[in-house]
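Protein chains in written order, with my numbering: chain A, 1 to 81; chain B, 1 to 86.
I should point out that these hints are in silico values taken from the structure, not numbers from a laboratory. Take these hints with a grain of salt, some might be off.
Unchecked claim - Derived DEER-like restraints, expressed as beta-carbon distance ranges:
{"#": "1", "chain 1": "A", "residue 1": "Leu79", "chain 2": "B", "residue 2": "Glu54", "range": "19 to 25 Å"}
{"#": "2", "chain 1": "A", "residue 1": "Thr21", "chain 2": "B", "residue 2": "Gly36", "range": "37 to 43 Å"}
{"#": "3", "chain 1": "A", "residue 1": "Ala41", "chain 2": "B", "residue 2": "Val75", "range": "22 to 28 Å"}
{"#": "4", "chain 1": "A", "residue 1": "Asp65", "chain 2": "B", "residue 2": "Ser66", "range": "26 to 32 Å"}
{"#": "5", "chain 1": "A", "residue 1": "Thr56", "chain 2": "B", "residue 2": "Arg34", "range": "34 to 40 Å"}
{"#": "6", "chain 1": "A", "residue 1": "Phe20", "chain 2": "B", "residue 2": "Leu69", "range": "15 to 21 Å"}
{"#": "7", "chain 1": "A", "residue 1": "Lys40", "chain 2": "B", "residue 2": "Asn73", "range": "29 to 35 Å"}
{"#": "8", "chain 1": "A", "residue 1": "Thr80", "chain 2": "B", "residue 2": "Val46", "range": "17 to 23 Å"}
{"#": "9", "chain 1": "A", "residue 1": "Met73", "chain 2": "B", "residue 2": "Leu81", "range": "21 to 27 Å"}
{"#": "10", "chain 1": "B", "residue 1": "Lys71", "chain 2": "A", "residue 2": "Gln19", "range": "29 to 35 Å"}
{"#": "11", "chain 1": "A", "residue 1": "Thr56", "chain 2": "B", "residue 2": "Glu54", "range": "24 to 30 Å"}
{"#": "12", "chain 1": "A", "residue 1": "Thr80", "chain 2": "B", "residue 2": "Arg45", "range": "36 to 42 Å"}
{"#": "13", "chain 1": "A", "residue 1": "Lys54", "chain 2": "B", "residue 2": "Leu81", "range": "29 to 35 Å"}
Every residue gets a Cβ at the ideal spot worked out from N, C-alpha and C, and that includes glycine.
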Amino acid sequence: MSVDAWPTQKKFAEETGAQFTLLSDFAKEVSHMYGVLDEKAGVAWRMTFVIDKKGTIRRIDSGEDALDISGVMKMCGELTR
Amino acid sequence: MNIFPGSMPNPRHLFMPWLSISSAPLNLVRMTTRMGIMEIHRSLRVGDPAPDFELKDQHGSSVRLSEFLGKKNVVLAFYVLAFTGG
């Protein structure tokens, strides 16, 4: 998810071959709601949330930590077990 | 506005008569002051319910987070901008 418009996400998905859903938060409301919006720059910070089937947040990685997906993968493994 | 990053107590657990709790999401509190109504977002934490939203995907179709309730776990990754390596 980013604050890019959805046609930009479409192009981005095509170029990167992303096999997952790319969401467009063009209005920046969701980024604001999740507390990840940099108000000055008008973009979302890099942040990853793992949400279980009950809708509860189980893991949050932010900034440089969010580049390493091993923790997210581990949590997903635990949740699907 | 986030003046208590990561440390804002949940007003539901405290008696704070100057804080009125908005219905949802949980991390939003409204404070009524002489200056008017102030909204404070406290950082989401592990164990909090994920606020629901509806957004368009890369095909232009709407996706609602609550569609996945009881069905799938969700990884929600915010990134800075497309085509920036962010």
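For the pair Phe20/A and Leu69/B, does the Cβ-Cβ distance stay inside 15 to 21 Å?
holds (19 Å)
At the C-beta level, are Thr56/A and Arg34/B separated by a distance inside 34 to 40 Å?
Between Thr56/A and Arg34/B, where Cβ atoms are some 37 Å apart, the hint holds.
With respect to the beta-carbon atoms only, verify the hint that Leu79/A and Glu54/B lie 19 to 25 Å apart.
About 23 Å separates the Cβ atoms of Leu79/A and Glu54/B, which means 19 to 25 Å holds.
Could one say that the CB atoms of Met73/A and Leu81/B fall in the range 21 to 27 Å?
Cβ of Met73/A to Cβ of Leu81/B: about 24 Å, so the range 21 to 27 Å holds.
Do the beta carbons of Ala41/A and Val75/B sit within 22 to 28 Å of each other?
Given a distance of about 24 Å, which is inside 22 to 28 Å, the answer is holds.
Is the gap between the beta carbons of Thr21/A and Gly36/B within 37 to 43 Å?
holds (38 Å)
Return holds or violated for the Cβ distance of Lys54/A and Leu81/B against the range 29 to 35 Å.
holds (32 Å)
Quick check: does the Cβ-Cβ distance between Thr56/A and Glu54/B fall within 24 to 30 Å?
violated (19 Å)
Range hint compliance [Cβ, Asp65/A to Ser66/B, 26 to 32 Å]
About 27 Å separates the Cβ atoms of Asp65/A and Ser66/B, which means 26 to 32 Å holds.
Against the range 36 to 42 Å, how does the distance between the Cβ atoms of Thr80/A and Arg45/B compare: consistent or not?
Violated, at about 23 Å.
Cβ distance range 29 to 35 Å for Lys40/A and Asn73/B, holds or violated
holds (33 Å)
Cβ-Cβ distance between Thr80/A and Val46/B: within 17 to 23 Å?
Given about 18 Å between the Cβ atoms, the range holds.
The structure fails hints 10, 11, 12 (numbered hints given earlier, in ascending order).
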